[in-house]
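J.: What follows is the residue order along each chain.
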Amino acid sequence: MSSNSTSLKELFLNGIIKENTIFKLALSLCPSIAVTNNLKNGIFMGLAVLFVQTMVNITISLMRKVIQPKVRLPIFMLVISGWVTITQMMMAAFVPDVYAKVGLYIALIVAFASILARAEMFASKNSIMPSMADGLGMGVGFLFALTAISFFRELVGKGTLTLPTGLATQHVFTFVNTKPLLIMVLPAGGFLAVGILMAAFNWLDTKYMKKASHGTH
Amino acid sequence: MAEIKKEHELIVTVSPHIKSEESTSRIMWSVNIALLPAAVMGAYFFGPRAVLAIALCIISALLSEYIYQKALNKKVSINDGSAFLTGLLLGMNLPASVPFYIPVVGSFVAVIITKQLFGGLGYNVFNPALIGRAFLLISFPKLMTIWTKPEAAFVQFDAKTTATPLGILKEEGLSKLIEVFGDKMNLYMELLKGHRAGSIGETSAIALIIGAAFLFYRGYITWHIPVSFLGTAAVMAWIFGAKGALFAGDPVIHLLSGGMLLGAFFMATDYVTCPSVKKGQILFGIGCGFLTMLIRLKGGFPEGVMFAILIMNCFAPLIDRGFKSKVFGALKETKAKEIKK
Numbered sequence: 001m002s003s004n005s006t007s008l009k010e011l012f013l014n015g016i017i018k019e020n021t022i023f024k025l026a027l028s029l030c031p032s033i034a035v036t037n038n039l040k041n042g043i044f045m046g047l048a049v050l051f052v053q054t055m056v057n058i059t060i061s062l063m064r065k066v067i068q069p070k071v072r073l074p075i076f077m078l079v080i081s082g083w084v085t086i087t088q089m090m091m092a093a094f095v096p097d098v099y100a101k102v103g104l105y106i107a108l109i110v111a112f113a114s115i116l117a118r119a120e121m122f123a124s125k126n127s128i129m130p131s132m133a134d135g136l137g138m139g140v141g142f143l144f145a146l147t148a149i150s151f152f153r154e155l156v157g158k159g160t161l162t163l164p165t166g167l168a169t170q171h172v173f174t175f176v177n178t179k180p181l182l183i184m185v186l187p188a189g190g191f192l193a194v195g196i197l198m199a200a201f202n203w204l205d206t207k208y209m210k211k212a213s214h215g216t217h
Numbered sequence: 001m002a003e004i005k006k007e008h009e010l011i012v013t014v015s016p017h018i019k020s021e022e023s024t025s026r027i028m029w030s031v032n033i034a035l036l037p038a039a040v041m042g043a044y045f046f047g048p049r050a051v052l053a054i055a056l057c058i059i060s061a062l063l064s065e066y067i068y069q070k071a072l073n074k075k076v077s078i079n080d081g082s083a084f085l086t087g088l089l090l091g092m093n094l095p096a097s098v099p100f101y102i103p104v105v106g107s108f109v110a111v112i113i114t115k116q117l118f119g120g121l122g123y124n125v126f127n128p129a130l131i132g133r134a135f136l137l138i139s140f141p142k143l144m145t146i147w148t149k150p151e152a153a154f155v156q157f158d159a160k161t162t163a164t165p166l167g168i169l170k171e172e173g174l175s176k177l178i179e180v181f182g183d184k185m186n187l188y189m190e191l192l193k194g195h196r197a198g199s200i201g202e203t204s205a206i207a208l209i210i211g212a213a214f215l216f217y218r219g220y221i222t223w224h225i226p227v228s229f230l231g232t233a234a235v236m237a238w239i240f241g242a243k244g245a246l247f248a249g250d251p252v253i254h255l256l257s258g259g260m261l262l263g264a265f266f267m268a269t270d271y272v273t274c275p276s277v278k279k280g281q282i283l284f285g286i287g288c289g290f291l292t293m294l295i296r297l298k299g300g301f302p303e304g305v306m307f308a309i310l311i312m313n314c315f316a317p318l319i320d321r322g323f324k325s326k327v328f329g330a331l332k333e334t335k336a337k338e339i340k341k
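Note that the protein sequences, when read in sequence, are chains A and B.
Just so we're aligned: 192 in this note's numbering is position 192 of the first sequence, and the numbers increase by one with no gaps anywhere.
Just so we're aligned: 276 in this note's numbering is position 276 of the second sequence, and the numbers increase by one with no gaps anywhere.
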């Protein structure tokens, strides 16, 4: 299988760049618009998905030889919802203020196409190490996308940055005496931000990846 | 093509053989000229800040277009007047008191996000100037609704602020509006002249009508959209305009205030974003008028022209599909099926 031909590093990078859930596959756009008007919420949402994706991939990979192919999808769903419930409870216990805002979307991770797709397409056919690398890569790619979107939206839309420690920076635009673009923290701005960053990501990707592939091959 | 210039030589080409002087840039510049009277009246009433705001809008619209087209190695088309028109329209839709970064942001959004990212002139779904204004209104709700009192004095910088006629109408009712302007006749006259608070270029009804008459004369706009737009709005204002009683509203106030005339003559008629079939244009105008009055009478904003036109812009392709003319000689679908059998 592919585990022999591709290295773990390549598997890991695949999820971040070539198959980035949000910027390349355009999946899971609902949380990427709904929770990203605040850097802290965005980062925690990304971490939750990173955790669930990795753990689901490991679990499915471990169980791949005992799962009956006919009932594999219900089993995948059970595994995913199990890990999502664990994440949900952990967040409710340790970061209750974030959970109050993004809790609904944490529960929705169950329905993420990307997580089920990786379980079905990758983890159920590969051994643990490649599956873990793949899960980590997809998760980190998602975390990166959500961080970028929420960083951009909060900075432009409110002029502040709420760090994961809960500390918010000062209004950064005060020195030029301008008001922030309020629309960016509203839902409409979410679409604009995702679109702009998606375009930027793909532009950079085509620019540098072409060079890289010319160099190696 | 060089051979077209040698007029007296024999030209062998495929049709069309009759060529018109008209071109996109000629139409665009004519619309710019038609907007000039209203812009001048705005400058007269709101002073140098209004001139600066419009100038900044135009300059940043042209610059945005230039930079985008240079960056993407496209042909630079800032001379065709369309970016100039977008800037001018956006400037005329701003209050005179806006801080100077607002026109720059608005023009950027209008030209780059609304027009160029969709493929440039001719491919945009929405009217660029209106999207620019909607973006600004939602981003800076306070700054975009500070209305300067028109003073007709060219050397004033600290202007007094006041409410627009529509704002007064919405918050305090018709009697208060008449009280502010003296009597009803005076109110009509002031609205016609444009001596009232509002966006820079929307206030002077008479100047807008002169500009629109020029466009009608040149044949660049047809009656379909403006008449159905204004007609629907007038009927709705007449029926539902008064509180508590049907058929007692005052359509004239509604037609002359807000951005109604500017919208109906210059923005709803934008070639790119309105339906191209005439019957469809009437439906488009009715929709615009209906939504405008719905927002004015029932919505949260005092003015609804901008949102009404933007919403109807979405429907333009659908309207075109519904009203497209029959292809000559083509069979009806059912008949064609019968023949196939």
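No lab work stands behind these hints: they were computed from the structure.
Just so we're clear, the structure is a prediction, and the values are computed from it rather than from any experiment.
Mixed in with the good hints there might be a few duds.
[To be verified] Within a straight-line C-alpha distance of at most 25 Å, the following computed DMTMM-like cross-link-like pairs (lysine to aspartate or glutamate) qualify:
| id | chain 1 | residue 1 | chain 2 | residue 2 |
| --- | --- | --- | --- | --- |
| 1 | B | LYS74 | A | GLU120 |
| 2 | B | LYS149 | B | GLU171 |
| 3 | B | LYS193 | B | GLU171 |
| 4 | B | LYS70 | A | ASP205 |
| 5 | B | LYS70 | B | ASP80 |
| 6 | B | LYS278 | B | GLU22 |
J.: Give a verdict on every hint.
T.: To see whether the hints hold, each was checked on the structure:
For the hint linking B:LYS74 to A:GLU120, the alpha-carbon distance of about 44 Å lies beyond 25 Å, and the restraint is violated. Restraint check: the Cα-Cα separation between B:LYS149 and B:GLU171 comes to about 18 Å, which is no more than 25 Å; the hinted pair holds. For the proposed pair B:LYS193 and B:GLU171, the alpha carbon gap of about 24 Å is at most 25 Å, so the pair holds. A C-alpha spacing of about 21 Å is found between B:LYS70 and A:ASP205, which places the hinted pair at or below 25 Å, so the restraint holds.
Distance restraint check for B:LYS70 and B:ASP80: the Cα-Cα separation of roughly 16 Å lies within the 25 Å cut-off, and the hinted pair is therefore satisfied. Restraint check for B:LYS278 and B:GLU22: the C-alpha separation of about 20 Å stays at or below 25 Å, so the hint holds.
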